[in-house]
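Work out the full structure: start from the sequences and follow the hints.
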Amino acid sequence: MTTKNTIAVLVNDHPGVLQRVSGLFGRRGFNIESITVGQSEEVGLSRMVIVTVGDENNLEQIEKQLYKLVDVIKVIDLSSKPMVARELAMIKVKAEPPQRPEIMGVVETFRAAVIDVGTTSLIVQVIGDTEKIDAMIELLKPYGIRELTRTGVTAMVRGNA
Amino acid sequence: MSAQIPEVRSTDELRQKWMEPEVITGSEILLRSLLLEGVECVFGYPGGAVLYIYDAMYGFKDFKHVLTRHEQGAIHAADGYARASGKVGVCIATSGPGATNLVTGIATAFMDSVPLVVITGNVVSSLIGTDAFQEADITGITMPITKHSYLVRDVEELPRIIHEAFHIANTGRKGPVLIDIPKDISAAQTLFVPQTGPVTMRGYNPTVLPNKIQLDKLTQAISEAERPFILAGGGVVYSGGHEALYEFVRKTEIPITTTLLGLGAFPSGHELWTGMPGMHGTYTSNQAIQQSDLLICIGARFDDRVTGKLDGFAPQAKIVHIDIDPAEIGKNVATDIPIVGDVKAVLELLNQDVKRTDRADAWRAQIQRWKNEKPYSYKDSDAVLKPQWVIELLDETTKGGAIVTTDVGQHQMWAAQYYKFNQPRSWVTSGGLGTMGFGFPSAIGAQVANPDRLVISINGDGGMQMCSQELAICAINNIPVKIVIINNQVLGMVRQWQELIYNNRYSHIDLAGSPDFVKLAEAYGVKGLRATNKEEARRAWQEALDTPGPVVVEFVVSREENVYPMVTQGSTIDQMLMGDE
Ligand SMILES: Cc1ncc(C[n+]2csc(CCOP(=O)(O)OP(=O)(O)O)c2C)c(N)n1
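Each protein sequence line maps, in turn, to chains A and B. Heads up: the first sequence runs through residues 1 to 161, numbered per full-length UniProt numbering. Heads up: the second sequence runs through residues 1 to 581, numbered per full-length UniProt numbering.
Just so you know, these hints were derived from the structure itself, not from any lab. Note that the coordinates shown come from a computational prediction; the quantities given were computed from them, not determined experimentally. Watch out, some of these pointers could steer you wrong.
What the hints assert, rightly or not - DSS-like mimics (lysine-lysine), calculated; alpha carbons at most 30 Å apart, straight line:
no. : chain 1 : residue 1 : chain 2 : residue 2
1   : B       : K527      : B       : K386
2   : B       : K87       : A       : K64
3   : A       : K64       : B       : K217
Said to hold, decoys possible - Negatives, chain A to chain B, calculated, CB over 12 Å:
no. : residue
4   : I7
5   : G16
6   : R20
7   : P98
8   : I115
9   : T120
Positions of the beta carbon are idealized from the N, C-alpha and C atoms, including for glycine.
Quick look at the structure:
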């Protein structure tokens, strides 16, 4: 059964590491839905969060292949645990003055924010899980989306674990 | 007479000298560090980006440098050296075209888990990324085919990087490690602090010792099995586990097949050995895999040339997989008992507990019947030389005692089928990548590693032309490799596929225009001999054996001969074409 899996990969903060990891996914035929990288809690280590679609075997192979990379310190299958996952999107939506109140209504219901106002457009910022962002985009589509950018998912295990 | 290479001079006294901390250049650091890693010989080719390194080598006598005629020759030689010795092979090339000429050799070593340290020069750090003259992003190009790689950014890191590189290359699942050194780094000076201690790396800790519970499961499974079978591969050779494997088979009396890369891991003459499995494997091995109820895979990776169609592979067997690389387990074949660990360590632990069972007696008898009924066979001829006969001649006259390297093609399969190997590290062949051009230069490396052994390099007339320029190396350094060319005047293995799978449509396989190989040898100052019938063959081969230096012996053989048995792609391995016989 194919499912969406979220894995966190703790890596050495060395040049080329992102290339090593993403290259591995490419040449082994694993797909990447999103990948985010940034600092971790420890100096010298970065944390990547990768969302991938595949079956259980696939996930096991991904973990094992990742561990073969010398710069990979730890691989955690977040989706097997209770986790919180968040993504940020910015949506530049067409907004002539008459449409604005309606758009603001959508923004408020989603607890999103307007972070820039142009004469004929607004930039909406939304943070949430992937479904929430998908829904927000669906609702803004009728007004005309001029530009859209999403960060990809970053995630953590809930609680003290 | 033995080869003049290498002159190993890394005595304790020298080591002491090299251990002195001193302000020196990156190039000198490289040379000293290589010495401290026990390197005896480096295969290489100079160029602008490594000139500081070559300058440091001027008059340097503490290890040998062999100047090949092509970087591909250098890396295959380093590979052959590593396979035949178990030590790390080292080669060196300049940036850009020098570095990219290594790619095929790096991929070859990677696929077969061969420990190499590959050193390339690069343009000066400040020019990296500017498309400078002879710049290539060699770490980027080779990322998918190296175990790990380094681009050195600071000369002070060089001693640590070299020490780590050797550690990574030759531990766990072995493989090639690349060190790319920008020109300014090889020129820069710093205080050299030698690195010889244990390496600790947070992200690199191969599992050596297996899980005890899994071992007990295997012992239990062996005691219950009625049709157990062992599939052993190159991992046995690489871990030095051949004696432990022998002991395992002696105790359990489980019949055994060894893969192409596993040849020599178990003595060919042993009655429980069933020959190679897979596409050109024996009837017995393939039947045994398909009918076994317990398949114990040891240091092999279920390559598709071994398994044939995966769906339908070993359908009745409980699968046990012993491997140092956890990622191999379950990659191709679902495993019932996974055992991660060093093959030698695993087998030694198992040997404390395992026993022979009578339950498998009927199976043992069945295997003997198959072996007797369907051995490898070919139709011999007195009118024309048969390549299989030539390999048998080599085997009989050397009693299986030589180191044999091959190129890729039909001759490779015949060598695997008809030469009998009794010791590990006597068989050097490109299995995973199937690299033509590998056979001859790898023999140079194997001979350098074993100056006093007989090294025979078996090549096709096609592949020999991919690195024949290295004949110069044999002549110059008196490397006494016996270079055999099985000349069928065509790209034989391709011809075979075109005959059997593409309805005799022989597209571009005719090697007309090949050189006169005897004259080619002579042009380099190497003795050349030719044989076209059995009598000439015996005579020429004896002369080659009696000649102290390198010799090329060309055997002109039948053009039409095919390798059998054969499992065509998409078939399960028990669906074999057996040929005429
Ligand atoms: C570098 C490279 N190119 C192409 C091939 C494909 N290939 C495999 S076997 C073969 C024919 C080899 O012919 P020859 O060297 O004459 O050996 P023979 O099969 O006749 O023994 C070819 C072209 C290869 N394995 N490697």
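Hint numbers not upheld by this structure, sorted from lowest to highest
5, 6
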